[in-house]
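Q: With these hints in hand, go ahead and build the complete structure from the sequences.
This is what each chain is made of:
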Amino acid sequence: MTGRGSAEPPAGGAGTWQPVIGLEIHVQLKTRTKMFCRCANSFGGGENTQVCPVCLGFPGALPVPNRAAIEWTIKLGLALGCRIAERAVFSRKSYVYPDLPKGYQISQYDLPSCIEGNLLVPGADGDIRVGIVRAHLEEDAAKTTHVGGRTGRIGGASTSLVDFNRGGTPLVEIVTGPDLHSAEAARRFLQLLRQTIVELGVSDAEMEKGTLRVDANVSIRPQGSQELRTRCELKNMNSFRFVAQGIDAEVARQTAVYEAGGEVVQETYDFDAASGALTARRSKEEADDYRYFPEPDLVPVEPSPGLVERLREELPELPGARIHRLERELDLERATVLVTGGLDGLYEATVAAGAERLAAANLIANRLAGSDPSELDPGELARLVEARDRIPRAALDEALGKLAEPGFSADPFLAQAAVTDTGTLEPIVDRILQANPGQVAAYRGGKEGLLGFFVGQVMKETSGGANPRVVSELVREKLRA
Amino acid sequence: MTIDTLRLTAEEAVDLLARKQVSAAELHGAYLEVVAERDRELHCYLRTVDEPEGDGVPIALKDIISTRGIETTAGSRILEGYVPVFDATVAARCKAAGLPIIGKTNTDEFAMGSSTENSAYGPTKNPWDPTRVPGGSGGGTAAAVSAGLAPWGLGSDTGGSIKQPSSLCGNVGLRPTYGTVSRYGVIAFASSLDQIGPVARNVRDCALLLSIIAGRDVCDSTTVELPEPVRLPDDEHLTGIRIGVPKEMNEAEGIEPGVAEAVRRAIELAAELGAEVEECSLPLSVAYGLPCYYLIAPAEASSNLARYDGVRYGPRAEADGYYEMVERTRDAGFGDEPKRRIMLGTYALSAGYFDAYYGQAQKVRTVIAREHAAAFERYDVLVSPTSPTVAFELGAKAADPLAMYLSDLLTIPSCMAGLPGLNIPCGLSEGLPVGLQLIGPQFSENTLFRTGYALERALAFDPVPERLR
Chain Y
1 MTGRGSAEPP AGGAGTWQPV IGLEIHVQLK TRTKMFCRCA NSFGGGENTQ
51 VCPVCLGFPG ALPVPNRAAI EWTIKLGLAL GCRIAERAVF SRKSYVYPDL
101 PKGYQISQYD LPSCIEGNLL VPGADGDIRV GIVRAHLEED AAKTTHVGGR
151 TGRIGGASTS LVDFNRGGTP LVEIVTGPDL HSAEAARRFL QLLRQTIVEL
201 GVSDAEMEKG TLRVDANVSI RPQGSQELRT RCELKNMNSF RFVAQGIDAE
251 VARQTAVYEA GGEVVQETYD FDAASGALTA RRSKEEADDY RYFPEPDLVP
301 VEPSPGLVER LREELPELPG ARIHRLEREL DLERATVLVT GGLDGLYEAT
351 VAAGAERLAA ANLIANRLAG SDPSELDPGE LARLVEARDR IPRAALDEAL
401 GKLAEPGFSA DPFLAQAAVT DTGTLEPIVD RILQANPGQV AAYRGGKEGL
451 LGFFVGQVMK ETSGGANPRV VSELVREKLR A
Chain G
1001 MTIDTLRLTA EEAVDLLARK QVSAAELHGA YLEVVAERDR ELHCYLRTVD
1051 EPEGDGVPIA LKDIISTRGI ETTAGSRILE GYVPVFDATV AARCKAAGLP
1101 IIGKTNTDEF AMGSSTENSA YGPTKNPWDP TRVPGGSGGG TAAAVSAGLA
1151 PWGLGSDTGG SIKQPSSLCG NVGLRPTYGT VSRYGVIAFA SSLDQIGPVA
1201 RNVRDCALLL SIIAGRDVCD STTVELPEPV RLPDDEHLTG IRIGVPKEMN
1251 EAEGIEPGVA EAVRRAIELA AELGAEVEEC SLPLSVAYGL PCYYLIAPAE
1301 ASSNLARYDG VRYGPRAEAD GYYEMVERTR DAGFGDEPKR RIMLGTYALS
1351 AGYFDAYYGQ AQKVRTVIAR EHAAAFERYD VLVSPTSPTV AFELGAKAAD
1401 PLAMYLSDLL TIPSCMAGLP GLNIPCGLSE GLPVGLQLIG PQFSENTLFR
1451 TGYALERALA FDPVPERLR
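Top line first, the protein sequences correspond to chains Y and G.
Mapping to my numbering: the first sequence position 178 is 178, numbers consecutive.
Mapping to my numbering: the second sequence position 310 is 1310, numbers consecutive.
Take the hints with a grain of salt, since some may be wrong.
Said to hold, decoys possible - Straight-line C-alpha distance at most 25 angstroms; calculated SDA-like pairs for lysine to any residue:
| no. | chain 1 | residue 1 | chain 2 | residue 2 |
| --- | --- | --- | --- | --- |
| 1 | Y | K143 | Y | A40 |
| 2 | G | K1363 | Y | D289 |
| 3 | Y | K209 | Y | F240 |
| 4 | Y | K235 | Y | V198 |
| 5 | Y | K143 | G | Y1313 |
| 6 | G | K1339 | Y | D289 |
| 7 | Y | K209 | Y | V175 |
| 8 | Y | K143 | G | M1325 |
| 9 | Y | K209 | Y | T33 |
| 10 | Y | K235 | G | Y1323 |
| 11 | G | K1339 | Y | Y292 |
| 12 | G | K1095 | Y | G103 |
| 13 | G | K1095 | Y | V64 |
| 14 | G | K1247 | G | A1373 |
| 15 | G | K1095 | Y | C52 |
| 16 | G | K1363 | Y | P300 |
| 17 | G | K1339 | Y | D288 |
| 18 | G | K1363 | Y | E302 |
| 19 | Y | K143 | G | P1315 |
| 20 | Y | K143 | G | A1317 |
| 21 | G | K1339 | Y | V96 |
| 22 | Y | K402 | Y | A435 |
| 23 | G | K1339 | Y | Y97 |
| 24 | Y | K460 | Y | D377 |
| 25 | G | K1363 | Y | V299 |
| 26 | Y | K143 | G | G1321 |
| 27 | Y | K143 | G | R1330 |
| 28 | G | K1339 | Y | G103 |
| 29 | Y | K460 | Y | A435 |
| 30 | G | K1339 | Y | K235 |
| 31 | Y | K143 | G | R1312 |
| 32 | Y | K143 | Y | E208 |
| 33 | G | K1247 | G | E1279 |
| 34 | G | K1363 | Y | Y292 |
| 35 | G | K1363 | Y | V89 |
In case anyone wonders, no lab produced these hints; they're calculated from the structure.
A: Put into structure tokens, the structure is as follows:
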């Protein structure tokens, strides 16, 4: 015994540890101009083209806050159920790094714009209530690229390049409570949060482009315990999947540490998705005294009650509420996929145009993910949903592929009929069953999931021309014999 | 025509230009000639502008004010060769008013000092006695105006950098209410205290220059529109003006007898001109103003000076890595006083010390503002010496930072409260000018000008240094 009770591993093996996860999410606002100057907040031009004395930190230059950024932060805070501070204050956060031209970052600190909210994430066992500790506004740092050296960091680099285009762009940092207890819950939360942000129109929130960035604070504790143990921070995860993988890896690492009788040391790790490896950052690059003090070049943000009310009234029906509404007519999983994919509006319009709910939901969720619903005609889509089993699979595929084309009509596709004639299909089915005796035996032995395999083979053989429902009936019948 | 730059006021120059008795270029040339003649000795200017723009009365700008296309160093090596790509708002307003720039005047490095000896480019000398300092940090502008090297100029004041050199050089300088003049483009020392203000040879010129630079600027969030326009004073009486004489500021230890005497006579004169004069008290402001200032100003300075890293402008020291490069650049670029204040300020803001130092000083600052506000319920103007001493000898306090800091004992409290303060010369002591400080509530510049003007007329002080007459 070390005498340090928290280090004592609980008896028993897997499943005895509960992950405790809090997230810090940075959202880059898509305002027209930067946070404190009038440079364009846009990318794609050459390096260091969107810069001015203010965002380059020239002597004497002063920040002037972007009104839209402040309003959007409040709007986001309202969507997250936050209390909007009557008085928020920008502070200076000091550290030395070439991405920070003034030597300090202007950021709300002890008096942020939004506090004490929560986001309800619909889950199979009811909503997960994720506390929003705060959402505050700050300016982003510039983008650095370190050339040479082994680590890709500034230490040991032969040259460091700085692109100030990103420097000074508006960023909202959202900090959650330690309320998430699995990587999957974190992923679901992030999907819902992202969709909420996108629908508010304040950010594109794309992780691949860095307009949404997620850091995770992870600790674990014995199941049933309420303690908060030493946490580690994970950075550098650029998709929701990698966030989940990183959390799983860190939970596994901490579990191993405790079960070997060790102590978790507070540290920051980079997660490398390709190798699954967690690499600790060298502490020298982590300054821990930021010497915060109120930014004397700015006056406090004091939004009028009228402004806050107007922004509250402008809020649309939020994704969480829509998931609950759709859950009643579909199920949680389909509702979540549709809403977080931004496709529930299309779904509802398609149903309104006469499509069957479940069929429309499946078709949209499975086949139209990633498409822009504003380009799709729900009336024509409803006709395709209705005809999905009558027309050849190939025709349906082609129609869905062309749905986004202007002036799309389902007519030419509906005119094609799928092969339903069992006389034509029977020989093909027989051939497939003969060619796959192993799978036939397995099916008959109870692996009924193989039905899809046989149907798929037949569909392939008929180049998608067969009616899958008729084929599946036929296969089932043959195998029963 | 021959122009006596020692005597010509800006207002008279405006008149000469309007009547086309002199061209703006001739006027500008006349000042450059005097600069060529006298500035080798005085070193008021760090550089002059040979090809002026504008059809108005020329002006001297403290080298802390960014001027597009003209090197601006803040008196520091770390900005040697730095040529701004933009004008400070006050420089732009001077240009818009047609005022050609004579040159950029010397300053203590980053406006940190009370003698201009902290300039990396050598000290400025006092025109009344070149063995003495002109005060600081705006010694360059004050000495230039005094010696006829400019009719007027702009300075910046954090804890007394306009008022104190005006006092030591015998001219009129105003620190305006915080927020009335834009700080945009003025190289920051302590942002919550820095104010830009006019220096001139008389009160009316000072008011005229304020009217050119004051008012809300969209580039400086802390600025406001003036509640009333600046008026050029013309009343020679002080009827209805209530003057408070804070005893702590008039009887403070270290006030030279000659200074106290000249100020006492000016106060008596004010009563003769019709003012109601009464002794009052500002005990907390005087006791705590200076120590709190030396927490807040260095704290903000330590942050404002963090941008000087050799990456984007200014000289860069060679080194193998980034951090080493920044360290060497700062070591070579900053003089002792900025280094001292960066250390003080960094300490005051550090985790674990913030509440005890910076946080506490800000609370005391509120107390100082309240104590002043209470006094202004009874008085329109508070008076005291501006500086406890007349101009001291070069080097006399250079080795003793604390003694130097005490030069600003009387100017600092009202700066901490964000209040306007005007220095007018009120006499001589040991042959050197004594300054009278007039402090008013926020936005009371017109009252200060009125009071200063009436006293100026009655005192009939000759602002031209005796040795130059």
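Q: If a hint holds in the structure, say so; if it doesn't, say that too.
A: Verification of the supplied hints:
1. Y:K143 to Y:A40: holds, 16 angstroms
2. G:K1363 to Y:D289: Holds, at roughly 23 angstroms.
3. Y:K209 to Y:F240: holds, 13 angstroms
4. Y:K235 to Y:V198: holds, 23 angstroms
5. Y:K143 to G:Y1313: Judged against 25 angstroms, a Cα distance of about 19 angstroms means the pair holds.
6. G:K1339 to Y:D289: holds, 19 angstroms
7. Y:K209 to Y:V175: holds, 21 angstroms
8. Y:K143 to G:M1325: Measuring from Cα to Cα gives roughly 20 angstroms; hence the hint holds.
9. Y:K209 to Y:T33: Satisfied, since the Cα-Cα distance of roughly 18 angstroms is no more than 25 angstroms.
10. Y:K235 to G:Y1323: Roughly 23 angstroms between the alpha carbons, so the hint for K235 of chain Y and Y1323 of chain G holds.
11. G:K1339 to Y:Y292: holds, 20 angstroms
12. G:K1095 to Y:G103: Distance of about 32 angstroms is beyond 25 angstroms: violated.
13. G:K1095 to Y:V64: Holds, at about 23 angstroms.
14. G:K1247 to G:A1373: holds, 17 angstroms
15. G:K1095 to Y:C52: holds, 21 angstroms
16. G:K1363 to Y:P300: Between K1363 of chain G and P300 of chain Y the Cα gap is close to 17 angstroms, so the pair holds against 25 angstroms.
17. G:K1339 to Y:D288: holds, 22 angstroms
18. G:K1363 to Y:E302: holds, 21 angstroms
19. Y:K143 to G:P1315: This hinted pair holds, its Cα atoms lying about 23 angstroms apart.
20. Y:K143 to G:A1317: The given pair, whose Cα atoms are some 23 angstroms apart, holds under the 25 angstroms limit.
21. G:K1339 to Y:V96: OK: K1339 of chain G and V96 of chain Y at ~16 angstroms, within 25 angstroms.
22. Y:K402 to Y:A435: violated, 36 angstroms
23. G:K1339 to Y:Y97: Given that 25 angstroms is the threshold and the Cα spacing comes to 20 angstroms, the pair holds.
24. Y:K460 to Y:D377: violated, 29 angstroms
25. G:K1363 to Y:V299: holds, 17 angstroms
26. Y:K143 to G:G1321: holds, 18 angstroms
27. Y:K143 to G:R1330: holds, 24 angstroms
28. G:K1339 to Y:G103: holds, 16 angstroms
29. Y:K460 to Y:A435: Roughly 14 angstroms separates the two Cα atoms, so the pair holds.
30. G:K1339 to Y:K235: violated, 36 angstroms
31. Y:K143 to G:R1312: Between K143 of chain Y and R1312 of chain G the Cα gap is close to 15 angstroms, so the pair holds against 25 angstroms.
32. Y:K143 to Y:E208: Roughly 15 angstroms separates the two Cα atoms, so the pair holds.
33. G:K1247 to G:E1279: Given that 25 angstroms is the threshold and the Cα spacing comes to 6 angstroms, the pair holds.
34. G:K1363 to Y:Y292: holds, 17 angstroms
35. G:K1363 to Y:V89: holds, 17 angstroms
In the structure shown, a violation is registered for the earlier hints numbered 12, 22, 24, 30, in ascending order.
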